[in-house]
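Construct all of the structure, not just a fragment, from the sequences and the given hints.
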Amino acid sequence: MDTNVADAPEIANPNALQHHFENPEQQKDASTIGMWSFLLTEIMFFGGLFLAYFAYRQAYPVAFASASLKTNLWIGAFNTTVLICSSLTMALAVHFAATGKRRLLVIFLILTLILGGAFLGVKGYEYHDKWVHHEVPGIHFECEGCQDAGHTQLFFSLYFGMTGLHASHMVIGAGILLVLIWQAYKGKFTPDWYTPIENFGLYWHFVDIVWIFLFPLLYLIDRSGQGGLH
Amino acid sequence: MITAPPLVKEKKNYLNAEEGLMSWLLTKDHKRIAILYLIAVTVFFAVGGMFAVLIRLELATPAGDLLDSNTYNKVFTMHGVVMIFFFLIPSIPATLGNFLIPLMIGAKDLAFPRINLLSWYVYMLAGVFGIFVLVTGGVDTGWTFYTPFSSSYSNGYVVMTAMAAFIMGFSSILTGLNFLVTVHRMRAPGLTWFRLPLFVWAHYATSAVMILGTPVIAVTLFLLMLERGLHIGFFDPAYGGDPVLFQHLFWFYSHPAVYIMILPSMGVISEVVSTFCSKKPFGYTFIAFSSVAIAVFGFLVWGHHLFVSSQSAYAGMVFSVLSMIVAIPSAIKIFNWTATMYKGSVRLETPMLYAIGFMGLFTVGGLTGLFLASMGMDVHLTDTYFVVAHFHYVMVGGAIMGYMAGLHFWWPKLTGRMYSQVWSKVSAVLVFVGFNLTFFPQFLLGFMGMPRRYHVYPPEFQVLNVLSSAGASVLGLGYLIPAIYLLASLKYGAKAGANPWGATGLEWQTSSPPPTENFEITPVVTTEAYEYSAQEVIHVGH
Amino acid sequence: MMEAKSFQLFPEQASSIASHVDALYAFLVLVSAFFSLLVAFLIVYLVVKYRHRPELGPPVAQHTNDHGPGSMILEIVWTVIPLGLSMIMFAWGVSIYFTESRPPADSMEIYVTGKQWMWKIQHMEGAREINELHVPINRDIKLTMTSEDVIHDFYVPAFRTKSDVLPGKYTTEWFRPTKLGAYHIFCAEYCGTKHSGMIGTVYVLSEPDYNKWLGAGSGEGSMAEQGQALFNQLGCGNCHPSVVNNQNGRCPNLVGLFGTRVQVKDGSNVRADESYIRESVLYPQAKIVAGYDDIMPTFKGLITEDGMLKLIEYIKSLGAKNGTMSTATPGPVETSASPQPSTHATAPAKTAPRGVPAAPVAPQQRVQ
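For the record, the sequence lines run as chains A, B and C.
Quick note: the first sequence uses the numbering used here, first residue 1, plus one each step.
Quick note: the second sequence uses the numbering used here, first residue 1, plus one each step.
Quick note: the third sequence uses the numbering used here, first residue 1, plus one each step.
Fair warning: there could be bad hints in the mix.
[What the hints assert, rightly or not] Here are the computed lysine-lysine pairs in the DSS-like style, where the Cα-Cα straight-line distance is at most 27 Å:
1. Lys491(B) <-> Lys425(B)
2. Lys28(A) <-> Lys491(B)
3. Lys425(B) <-> Lys300(C)
4. Lys108(B) <-> Lys28(A)
5. Lys130(A) <-> Lys49(C)
[Said to hold, decoys possible] Some residues of chain C that are not near chain A, with every Cβ distance over 10 Å (derived):
6. Val44
7. Leu56
8. Trp92
9. Glu148
10. Thr193
11. Gly221
12. Gly259
13. Thr260
14. Gln285
[Unchecked claim] Looking from chain C toward chain B, a few residues come up when the C-beta cut is under 10 Å (computed):
15. Tyr25
16. Arg51
17. His67
18. Gly70
19. Thr178
20. Gly181
21. Ala182
22. His184
23. Trp213
24. Pro284
25. Ala286
Everything labelled a hint here was simulated from the structure, so no lab data went into it.
Model, not experiment: these values are computed from the prediction.
Every residue, glycine too, gets a C-beta built ideally from N, C-alpha and C.
Printed below as a string of structure tokens:
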């Protein structure tokens with residue numbers, strides 16, 4: 001496929017070594033260590049929410065199990081599938097960047113964006129649904145038919161906090177994807193240098209993994225118990 | 001031998017390389033960014049200091065006659081918020097760390113210069129939120145933001161303040177990330193880990209704490225903002241939320257945060273003591289590893305802030321023993337620094353005065369931490385002035401003394417100028433005396449039972465409070481004078497050579513101030529760190 | 001009234017634990033003073049002895065290991081000694097803390113409610129105080145505390161005790177006053193505008209003086225009596241038997257409940273203490289007793305924190321673990337108003353977890 005950097009003469013030589021690095025290997029290493037360190041901070045960031053979740057679930061198991069049933073299992077499963085597929089398309093995009101297949105790179109970045117967008121759209125629908133059923137914490141909160149209703153608001157606070165934080169990470173990711181799609185289209189990435197694609201791939205996979213933890217914790221607490229703990 | 005560029009007068013250096021405001025505001029040069037930070041943190045230090053003046057003035061009398069209760073509560077809150085988030089946490093890393101780390105490792109810049117600049121803008125954005133809170137009426141929750149007071153009862157600008165601290169956190173994370181990657185990948189050839197200056201080890205450990213701890217305060221403040229702003233509750237007991245969970249999440253960061261504040265300072269002390277004894281630091285490996293140990297153990301002790309909070313006694317025991325253990329590496333450093341002086345050649349220049357002040361005051365501060373780590377003792381002392389005295393001894397007597405030592409040590413490198421030796425020594429002594437007079441009485445007040453954050457107090461506490469307030473005026477003077485002579489040195493100070501103190505380290509092998517690219521040729525390191533025998537000691541001209 | 005105290009450096013030692021705390025303090029001060037002075041002395045000595053003398057030239061390089069001067073022996077010594085001393089501090093502190101956190105079994109109970117910005121104190125016998133706490137000397141006193149709003153902290157420097165006072169939860173603090181007098185109460189957790197005004201006084205009285213004070217009481221009856229009134233008013237008795245031989249079957253019997261272990265529907269078991277009662281009243285579905293149905297409504301919003309404490313005191317008066325009264329107090333004790341005290345001796349053995357119904361129960365009975 002076409003990898004001709006000269007197609008886009010207005011973009012500076014992407015292989016240019018930044019002035020403070022001695023050689024390209026050092027520059028790439030620095031980028032990669034930097035990205036992994038950043039992901040470490042993200043783990044700590046979400047970690048606080050996971051800690052709150054575990055503390056409250058342990059304290060109020062009945063309320064959490066009951067409230068979890070208010071989430072829609074099929075929608076959640078669909079979203080999980082969509083996100084896993086988007087990680088696949090992203091991984092393929094990285095592969096095509098490495099092998100210099102510019103058109104496929106652009107296509108798969110776009111597919112990733114579309115799948116991410118689908119996830120966000122479905123999430124928006126879920127949020128709307130919760131709003132309509134008064135399941136958003138606040139003055140009008142009401143968990144209809146829930147057991148230990150007095151404690152269910154905590155579940156929903158965590159639901160919105162965790163999925164909201166996750167969704168905002170996806171929105172930021174979508175924004176970066178737009179930039180990368182444009183740059184890829186313009187031929188900025190070559191098999192010699194495609195570090196931003198790789199690093200973004202790391203970020204996207206991380207966001208996916210966070211969801212893979214969120215899904216069972218929020219949607220699957222007690223699906224087998226038919227609406228209550230044994 | 002280390003290859004060094006020739007010393008040439010009037011050479012282009014980083015200060016005069018480019019002119020104009022935009023060349024500063026859009027700079028990618030780590031040295032210029034360090035100066036930008038220096039100006040910003042100094043301004044915030046002055047703001048935080050003003051609040052301290054108000055506190056001590058009010059507390060000179062038992063009655064609330066200077067400020068009303070709400071105002072006083074806002075004043076001590078803002079003092080804490082400004083001093084901790086806007087001064088202490090960035091101080092050494094963002095100024096001295098930014099300036100010196102690339103120089104010390106023989107690099108041309110940090111790994112990510114644009115992220116470095118971004119971190120300054122993020123800091124300034126946080127500052128805007130902070131100033132906004134200040135001028136619109138303040139916040140009165142204490143810098144610790146305990147719920148449910150902060151989430152449901154306070155009448156101040158909680159969300160804005162939380163936002164300021166939240167944004168500040170990202171500046172801290174970006175700095176830490178930069179340092180971590182830089183130290184890993186950008187050391188000059190031959191500069192192995194155990195040839196690194198101890199200042200770099202200290203900042204490496206600090207960076208690890210910054211990137212692992214800061215996100216937790218970020219998410220905690222995020223939850224607080226959701227709770228307060230959108231009524232999405234996480235800590236509200238009205239529906240089973242646990243206010244103590246907030247405390248756990250808050251202190252999980254805020255305890256390691258104090259190690260972010262002290263580790264860089266300890267790095268400075270290692271450099272200063274070694275230089276002014278013309279001797280390699282005693283126990284280099286132990287000092288280096290103790291920084292790492294403090295960073296690791298520092299994450300395991302947060303529950304010592306919760307001994308009386310209804311935390312289980314068994315959890316308390318674990319935190320108590322770990323808090324004892326975390327004190328040991330700091331003790332190791334103090335002993336090693338002292339041993340460095342043995343058979344050295346000690347010169348009592350200003351940076352050294354601050355360094356030995358640090359050693360004395362940090363020892364007291366660290367030892368009084370043991371009082372608080374001992375559970376049964378902590379029950380009586382927690383939330384009293386004993387705690388206030390303890391943390392000021394380590395933060396001011398420790399961290400800030402170290403900052404002053406570093407500023408005075410590297411001032412010639414940063415600016416190319418020397419400052420008045422007489423006035424700098426006078427100030428160092430004033431700070432030491434004023435500090436002790438201000439804070440030692442507070443240990444006694446705490447044991448007597450005077451709680452902290454008290455606007456009015458029973459009359460029997462007045463004598464010690466008056467002593468403390470008197471000391472504060474001396475301390476304030478001690479901080480004011482350097483502002484004058486340091487600024488004056490920029491115009492009137494003697495020009496400094498590359499290495500006015502006879503120190504070792506790559507930063508002293510380049511001119512004062514350094515050229516923009518730091519080194520004309522990348523140095524190659526072939527010797528161990530702190531090789532004084534190869535040097536001649538050069539005297540500073542008075 | 002408390003007399004104005006002159007300047008002093010030590011608070012009074014007015015409780016049984018105070019001298020222990022002060023002994024630990026003295027040890028800590030000694031160790032700290034020793035090491036501070038040692039470091040200070042060493043610094044001054046070394047700075048003078050090894051001051052820079054230009055005529056001598058640079059210092060001679062020391063014996064070095066890999067990275068500079070050092071001595072493994074010294075490192076070990078000045079690691080092990082501080083570690084040993086700090087372990088003493090740790091162990092000593094733990095021992096005092098465990099004593100402070102385990103109120104003796106027969107402590108006299110007093111209830112404290114903190115709210116912005118005052119302390120409300122309720123004695124079991126019915127006496128109520130605001131910002132003052134009268135206690136008899138040489139008795140173990142246990143405070144059960146809660147907050148109506150934000151976190152407070154009940155601190156008595158002279159007793160060397162403090163504990164946070166939390167909303168939605170009960171915390172306890174105990175002490176044994178050993179000296180007559182009046183001592184400061186301070187709120188020691190920042191709680192807003194008048195945090196420094198949320199102070200009071202503990203009055204330690206001799207036993208006869210205390211009884212006399214108690215007798216002058218509030219006239220509203222004991223806490224348990226007031227609690228019983230609430231119990232009836234809120235209709236609890238419609239479901240919960242408070243008479244030992246009445247096995248209603250729909251709801252757990254409360255006689256002899258307090259202090260026993262209760263089997264919860266999900267398989268766990270929990271101790272029926274103050275927090276359990278409170279949670280059951282406000283969040284009845286959180287821990288449904290095994291063998292019973294989910295039929296209890298919540299009383300959230302219908303009962304204040306003060307009322308809750310009275311209700312708890314009433315339930316305690318229905319018999320505790322050993323079939324005896326939960327507290328022993330010389331003060332006037334409720335008699336006729338509380339249900340059949342004589343049945344306590346014949347209350348069912350407390351070894352089996354409560355909630356397992358003794359009589360046959362039709363679990364499918366539902367209140368429609």
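query: Per the stated criterion, does the least C-beta distance between Thr260(C) and chain A lie above 10 Å, as a non-interface residue requires?
result: For Thr260(C), whose nearest Cβ neighbour in chain A is about 22 Å away, the distance exceeds 10 Å, so it holds.
query: Taken at face value, is the distance from the CA of Lys28(A) to the CA of Lys108(B) at most 27 Å?
result: 17 Å, holds
Least C-beta distance between Leu56(C) and chain A, which was stated to exceed 10 Å: Non-interface label stands for Leu56(C): nearest chain A Cβ at 42 Å, farther than 10 Å.
- prompt: Should the hint that His67(C) touches chain B count as held when the rule is a Cβ pair under 10 Å?
  reply: 4 Å, holds
field: Status of Thr193(C), Cβ more than 10 Å from any chain A Cβ
entry: Thr193(C) clear of chain A: closest Cβ-Cβ about 26 Å, beyond 10 Å.
- request: Confirm or reject the statement that Glu148(C) sits farther than 10 Å, beta carbon to beta carbon, from all of chain A.
  value: At about 18 Å from chain A, Glu148(C) clears the 10 Å cut-off, so the statement holds.
query: Does the alpha-carbon distance linking Lys28(A) and Lys491(B) stay inside the 27 Å limit?
result: Violated: Lys28(A) and Lys491(B) sit about 43 Å apart, past 27 Å.
query: Are Lys425(B) and Lys300(C) close enough, with their CA atoms no more than 27 Å apart?
result: Violated, at about 66 Å.
Agreement of Lys130(A) and Lys49(C) with the hint, judged by alpha carbon distance not exceeding 27 Å: 77 Å, violated
message: Would the hint on Arg51(C) be counted as holding, given a Cβ-Cβ threshold of 10 Å to chain B?
response: 5 Å, holds
task: Under 10 Å, Cβ to Cβ, is where His184(C) needs to be relative to chain B, so tell me if that hint holds or is violated.
output: 6 Å, holds
task: Against chain B, run the beta carbon of Trp213(C) and see if the smallest gap drops under 10 Å.
output: 24 Å, violated
Going through the hint list in order, the structure does not satisfy hints 2, 3, 5, 14, 19, 20, 21, 23 and 24.
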